[in-house]
Amino acid sequence: MSLASAALTHRMPRWLVRHETILAIILIVALIGLGALNDKFLTVDNLLNQGRLMTEIGLIALPMTFVIVTGGIDLSVGAIVGLSAIMLGYSWKNFGFPLPLAIVFALVVGGVAGFVNGLVITRVKVPPLIMTIATLALYRGLAEGISQARSVRGYPEWFYVLGQGSIFGVPTQLLILILLIVVAGVALDRTTFGRALYAIGANETAARFSALNVDRTKLIVYTLSGLASGLAAIVLVSRVTTTRMDMGMGYELDVIAAVVLGGTSIFGGSGTIWGTVIGLVMIQLLKNGLALTGVKGDATIVVIGLALILSVLIASSLQGRRE
Amino acid sequence: MMGALHAHPSPPLLAVENIQKAFPGVRALSGVAFEVRAGEVHALLGENGAGKSTLIKIISGVYQPDSGNILIDGRRTALSSPDAARRAGVATIYQELLLFPELTVAENIFLGHAPRAAGGRIDWRAMGAKANALLASLDIRDLAADQIVGTLSVGHRQRVEILRALSHDARVLIMDEPTAALTEADVARLFDIVRRLKARGVGIVYISHRMDEIFTIADRVTVLRDGSYVGSKVVADTSSGELVQMMVGRRIESLFPKITVPIGAPIMEARNIVRRPMTRRVSVTVRAGEIVGLAGLVGSGRSELAQTLFGVTPAESGDIRLTGRSVVIDSPETARAHGVAYVPEDRGSQGLIRAMSVLHNFSLAALDGLSRRGFIDRPAERRMAEDGVKRFSVKTNSVDEIAGRLSGGNQQKIVLGKWLANNPKLLILDEPTRGIDVGAKAEIYRLMGELAASGVAILMISSELPEVLGMSDRVLVMREGRIVAEFDRAHASAEAVGGAMMGDNSRVEVAA
Amino acid sequence: MTAVAAVTHAPARGSLLRRFATQEALLALAIIALAVVVGLINPRFLAARNLSDILLGNAYIAVAAIGMSMVIISGNIDISVGALIGVLATLSGSLAVAGAPVLVTWLAPLALGIVVMAAQGAVVAYLRIPAIVVTLGMLSILKGGLISVTGGKWITDLPASFHLADLSIFGIPMPVVIMATATVLAALWMWYSPRGRAIYATGGNAEAARLCGVDPQRTIVMVFALHGFFAGLATLVYATQLRVIQSTTPAGLELTIITASVVGGVSILGGVGTVIGSTLAAILIAEITSALVFVNVSPYWTDAVRGALILATVIVDIMRRRRRAERG
Numbered sequence: 001m002s003l004a005s006a007a008l009t010h011r012m013p014r015w016l017v018r019h020e021t022i023l024a025i026i027l028i029v030a031l032i033g034l035g036a037l038n039d040k041f042l043t044v045d046n047l048l049n050q051g052r053l054m055t056e057i058g059l060i061a062l063p064m065t066f067v068i069v070t071g072g073i074d075l076s077v078g079a080i081v082g083l084s085a086i087m088l089g090y091s092w093k094n095f096g097f098p099l100p101l102a103i104v105f106a107l108v109v110g111g112v113a114g115f116v117n118g119l120v121i122t123r124v125k126v127p128p129l130i131m132t133i134a135t136l137a138l139y140r141g142l143a144e145g146i147s148q149a150r151s152v153r154g155y156p157e158w159f160y161v162l163g164q165g166s167i168f169g170v171p172t173q174l175l176i177l178i179l180l181i182v183v184a185g186v187a188l189d190r191t192t193f194g195r196a197l198y199a200i201g202a203n204e205t206a207a208r209f210s211a212l213n214v215d216r217t218k219l220i221v222y223t224l225s226g227l228a229s230g231l232a233a234i235v236l237v238s239r240v241t242t243t244r245m246d247m248g249m250g251y252e253l254d255v256i257a258a259v260v261l262g263g264t265s266i267f268g269g270s271g272t273i274w275g276t277v278i279g280l281v282m283i284q285l286l287k288n289g290l291a292l293t294g295v296k297g298d299a300t301i302v303v304i305g306l307a308l309i310l311s312v313l314i315a316s317s318l319q320g321r322r323e
Numbered sequence: 001m002m003g004a005l006h007a008h009p010s011p012p013l014l015a016v017e018n019i020q021k022a023f024p025g026v027r028a029l030s031g032v033a034f035e036v037r038a039g040e041v042h043a044l045l046g047e048n049g050a051g052k053s054t055l056i057k058i059i060s061g062v063y064q065p066d067s068g069n070i071l072i073d074g075r076r077t078a079l080s081s082p083d084a085a086r087r088a089g090v091a092t093i094y095q096e097l098l099l100f101p102e103l104t105v106a107e108n109i110f111l112g113h114a115p116r117a118a119g120g121r122i123d124w125r126a127m128g129a130k131a132n133a134l135l136a137s138l139d140i141r142d143l144a145a146d147q148i149v150g151t152l153s154v155g156h157r158q159r160v161e162i163l164r165a166l167s168h169d170a171r172v173l174i175m176d177e178p179t180a181a182l183t184e185a186d187v188a189r190l191f192d193i194v195r196r197l198k199a200r201g202v203g204i205v206y207i208s209h210r211m212d213e214i215f216t217i218a219d220r221v222t223v224l225r226d227g228s229y230v231g232s233k234v235v236a237d238t239s240s241g242e243l244v245q246m247m248v249g250r251r252i253e254s255l256f257p258k259i260t261v262p263i264g265a266p267i268m269e270a271r272n273i274v275r276r277p278m279t280r281r282v283s284v285t286v287r288a289g290e291i292v293g294l295a296g297l298v299g300s301g302r303s304e305l306a307q308t309l310f311g312v313t314p315a316e317s318g319d320i321r322l323t324g325r326s327v328v329i330d331s332p333e334t335a336r337a338h339g340v341a342y343v344p345e346d347r348g349s350q351g352l353i354r355a356m357s358v359l360h361n362f363s364l365a366a367l368d369g370l371s372r373r374g375f376i377d378r379p380a381e382r383r384m385a386e387d388g389v390k391r392f393s394v395k396t397n398s399v400d401e402i403a404g405r406l407s408g409g410n411q412q413k414i415v416l417g418k419w420l421a422n423n424p425k426l427l428i429l430d431e432p433t434r435g436i437d438v439g440a441k442a443e444i445y446r447l448m449g450e451l452a453a454s455g456v457a458i459l460m461i462s463s464e465l466p467e468v469l470g471m472s473d474r475v476l477v478m479r480e481g482r483i484v485a486e487f488d489r490a491h492a493s494a495e496a497v498g499g500a501m502m503g504d505n506s507r508v509e510v511a512a
Numbered sequence: 001m002t003a004v005a006a007v008t009h010a011p012a013r014g015s016l017l018r019r020f021a022t023q024e025a026l027l028a029l030a031i032i033a034l035a036v037v038v039g040l041i042n043p044r045f046l047a048a049r050n051l052s053d054i055l056l057g058n059a060y061i062a063v064a065a066i067g068m069s070m071v072i073i074s075g076n077i078d079i080s081v082g083a084l085i086g087v088l089a090t091l092s093g094s095l096a097v098a099g100a101p102v103l104v105t106w107l108a109p110l111a112l113g114i115v116v117m118a119a120q121g122a123v124v125a126y127l128r129i130p131a132i133v134v135t136l137g138m139l140s141i142l143k144g145g146l147i148s149v150t151g152g153k154w155i156t157d158l159p160a161s162f163h164l165a166d167l168s169i170f171g172i173p174m175p176v177v178i179m180a181t182a183t184v185l186a187a188l189w190m191w192y193s194p195r196g197r198a199i200y201a202t203g204g205n206a207e208a209a210r211l212c213g214v215d216p217q218r219t220i221v222m223v224f225a226l227h228g229f230f231a232g233l234a235t236l237v238y239a240t241q242l243r244v245i246q247s248t249t250p251a252g253l254e255l256t257i258i259t260a261s262v263v264g265g266v267s268i269l270g271g272v273g274t275v276i277g278s279t280l281a282a283i284l285i286a287e288i289t290s291a292l293v294f295v296n297v298s299p300y301w302t303d304a305v306r307g308a309l310i311l312a313t314v315i316v317d318i319m320r321r322r323r324r325a326e327r328g
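Chains as they are written, first to last, in this note's numbering: chain A, 1 to 323; chain B, 1 to 512; chain C, 1 to 328.
Isolated chain A, as found in the complex (with noise of 0.2 Å):
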């Protein structure tokens, strides 16, 4: 990073505080600009159900802002959604373990897709944009072979609650992703975890020369974004109550998008929990405003792929970034 970036963006106060701001200025335009549009657009039932429906991308949006502050980045989050929700339809269906044993499973499948990017990036320093690249495409291609592309329906009742049901009125994964973002966002912000993240981001040579534990700590953030794939991964399948090996496809552009629209850097050593939440809201709405003019889903995603460029090339001219 340029030392004007630098100075810029680890001056934490003042200047990130004033990013977010701008993005959640932003944000309040783009609600009220889309509430007069759509008269449907500013009710409670509508913007809790996009809260529901932006839940998958945020939970994995969490620990990618973590490996990207790292300097890292992890292409094959989509792929282990689709390889945990196999693996929960295919452990529950065609081993026999009862549902919890395998919503447990596919969590722990997650988790390991994530501890071996980890793990061959730390070990055998592969590195990471080439490491996911290779296992988005081995983690579908297992999710496909696994599944032999066969759906699997008729999960029990009360494993709709997660997905579909609402607790005080709120969705039920609303919820999680929002106690969970409060953990990461604190975590990052305020503990010594979090503080190496940026330090490997800055400068990873001096980090390890400072005696932090880079190995470990990216070992961690590699497996923490596998296990949020895995319950992402569960909450959608209890969102449309089947199990379908194509889950997941296209994941990666829409978290990637949520967190770099936050405010992080893609080079790394900079960003914030909080500028990724607002940056999820803002694609979320983005596809809900339209969606409720018309504009059919795929389209939107011609939107997003919009956003994610431009996003970077502000960011990386207002951080004055010249090599």
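Derived by calculation from the structure, the hints in this document are not laboratory data.
Heads up, some of the hints might be wrong.
[Unchecked claim] Result set (DMTMM-like, lysine to aspartate or glutamate): computed pairs, CA atoms no more than 25 Å apart in a straight line: (1) K125/A <-> D317/C; (2) K153/C <-> D246/A; (3) K130/B <-> D83/B; (4) K93/A <-> D246/A; (5) K125/A <-> E207/C; (6) K125/A <-> E345/B; (7) K198/B <-> E177/B; (8) K57/B <-> D317/C; (9) K125/A <-> E96/B; (10) K57/B <-> D215/C; (11) K125/A <-> E333/B; (12) K395/B <-> E443/B; (13) K153/C <-> D298/A; (14) K198/B <-> D186/B; (15) K125/A <-> E304/B; (16) K57/B <-> D437/B; (17) K125/A <-> E316/B; (18) K296/A <-> D215/A; (19) K125/A <-> D330/B; (20) K233/B <-> E464/B; (21) K125/A <-> D346/B; (22) K57/B <-> E177/B.
[Claimed, not checked] Computed footprint of chain B on chain A, listed as stretches where at least three residues anywhere in the stretch have a Cβ under 8 Å from a Cβ of chain B: (23) 191 to 199; (24) 205 to 212.
Model, not experiment: these values are computed from the prediction.
Using N, Cα and C, we set each Cβ at its ideal position, and we do this for glycine too.
Given chain A, work out where chains B and C should sit, using these hints.
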């Protein structure tokens, strides 16, 4: 300005007069003069920050002077870009070699100006032949034109760089700290090549802080200090002491406030440490209150040893005892837990995180102590940083300032302070005063003395002989991965230590 | 002053030709060995019809891998090529059905491919946005754009003249001709042309390349433009074999293409590799895919095998580089 030497019939290959260059807030060069004649090796000497690298960048077209003249063969020329400099016959060999690891020696030499055959296509055969001719012209017999550069040692790669410069018909060759990463054997080979280049009429600008090399290879030497031209001497007519005085501007003895301190029990006893490829078999003991100086040429393995003792590259065999107990140091975390601290050689990339604040840098190595159950105690952290800033006289506006903005000396103090916050028992310092102004140097020496007095054991790696001789209770000399000599303070003289550093076939006198 | 110090061992001589020949030779060997092994298990694998199906059906991957190899050698990556091929195929088919002259339907994908990729290259080179981000964004723009514009409808009733792939030269089917010619020409260009060598220089050490008079930015734009050309060419080979063009993006296509390049010897870190290797690797991968069917492995395992292949290759490549760096 250069002083009348001999009457020369032809003008120097390259000359600069009265060069002024300023950057925002800093005057880098003022009134600097320099020249290189054909067949001459002209050394450029000066402390870090003296302006050497700015001058070099002006000569190689990277920067343009604010005022002053550049003369090529006596004619005023503007070197407005690196390309223009290259066309004028000036080539630079940087410390970080700029080669293509996956391509062959021949292609590395000729990339961008490869010989062509019919239709504009690259003539590989001609390229190979030309490369072989260049190799032969410098009598290099252990390098082949079709070898992949990535498989070569640093010494070989440097030769490829030199050949590349020659392929552009360079008449002035600038070498920036060329021996920094070379083994002894490679240094000897380099000097051999330099002599051949001299014989061909190439003028060489040789930047080095190694006095012994200057006296071996250079014909003239120019000293810069704080961006100003101090003077030029014919090497045969001067001495190392005179040059140091020109560089530093004061007598060197006053720089070392050595206090005698009672020496206690051994803090660290390392025996038969082996870590390939650089650490061959080393045994070191450092006692409480003792300052052990570790001298040696660059490439002798000192930093590697330090990093092994600190756990960055753990030892493959051998044992280490700290305060009498046997320990295995397998990571910097473990080393720190046992009370070992390491201030690395490269401040910018290893010691400090320049993008982070002074506050966060100070606490980086002591976070566990500053936190309860993983949560950082922010007020305590701030107090520690503010105390540190005061104790080490770090010149900064506030602890929230970005560390990268501070001067080299202040940055070094932060790195030191960060580790002292842990109250280490053993402090390993790797080139602690490199690139630091003289005032900050004195402060660091004073600090070292205080630490020793409080019972800390200090292992100091340094390439500056005066520093090693001035500060150490004992001097160890390392060469090619082994300790080859040990001197106590009374018997450590520049000749003895310098001689041990060079090995038996050294013909160089190292003046103190 | 004395003669050069005695050398303790002879330098590791590796002539350029010899080194590259190893990788390509290995691949060729693997292709033959696999055919033999599978042929023993199930002789129907070696039927002429099957072998020609493998080649014809996958030639387009080899063609696309030529451009992808160039991109990776230059130190970048592209994951949008699969979506681009989908768009270009739809474009070509739509033009054909709309009655455009045959040459136009063939040249349009080439032109659009060059433009779209060159634009990405410019953003990567001049705006310094990492290639992964640009191509990830572009992937979605292309994919989503295609669906929203066409609604996913199929293009049928393609005129007979559209089917370039049905033609043959001296009895060799067009896809194979295009694959072989493109590979050979590209390989020669990357070996003999200074601009081709500039790709290796840019990927090997961009800063050093600049000092040698190579313009890394312009080289990157050129590489992406070429990549777009080969993507368009691959689209021709692919789309003109189909009777029906689905306006969707073939799933996982970019991964297959990247795998072909990487297995073909193009190091993911840049600076090394050849297009001959990537073509051979593409053939090998196609062969493996078919072999799985003939040894009674469910085709749903193909992607997993491909994923394992790229993972293994990458790990081996990185480990080899590290060992070499530690020695030197």
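Hint by hint, here is what the structure shows:
1. K125/A <-> D317/C: It holds: about 11 Å lies between the C-alpha atoms, which stays within 25 Å.
2. K153/C <-> D246/A: It holds: about 21 Å lies between the C-alpha atoms, which stays within 25 Å.
3. K130/B <-> D83/B: Holds, at roughly 22 Å.
4. K93/A <-> D246/A: Holds - the C-alpha atoms of D246/A and K93/A are around 18 Å apart, at most 25 Å.
5. K125/A <-> E207/C: With Cα atoms ~23 Å apart, K125/A and E207/C stay inside 25 Å; holds.
6. K125/A <-> E345/B: Given that 25 Å is the threshold and the Cα spacing comes to 24 Å, the pair holds.
7. K198/B <-> E177/B: Judged against 25 Å, a Cα distance of about 18 Å means the pair holds.
8. K57/B <-> D317/C: Roughly 38 Å between the alpha carbons, so the hint for K57/B and D317/C is violated.
9. K125/A <-> E96/B: Since the Cα atoms of K125/A and E96/B sit roughly 23 Å apart, the hinted pair holds (cutoff 25 Å).
10. K57/B <-> D215/C: The hint holds at about 21 Å.
11. K125/A <-> E333/B: The given pair, whose Cα atoms are some 20 Å apart, holds under the 25 Å limit.
12. K395/B <-> E443/B: 13 Å, holds
13. K153/C <-> D298/A: 14 Å, holds
14. K198/B <-> D186/B: 18 Å, holds
15. K125/A <-> E304/B: 21 Å, holds
16. K57/B <-> D437/B: 22 Å, holds
17. K125/A <-> E316/B: Distance of about 21 Å is within 25 Å: holds.
18. K296/A <-> D215/A: Outside the cut-off at roughly 44 Å; violated.
19. K125/A <-> D330/B: Within the cut-off at roughly 19 Å; holds.
20. K233/B <-> E464/B: 21 Å, holds
21. K125/A <-> D346/B: 23 Å, holds
22. K57/B <-> E177/B: Measuring from Cα to Cα gives roughly 14 Å; hence the hint holds.
23. 191 to 199: holds (count 7)
24. 205 to 212: holds (count 8)
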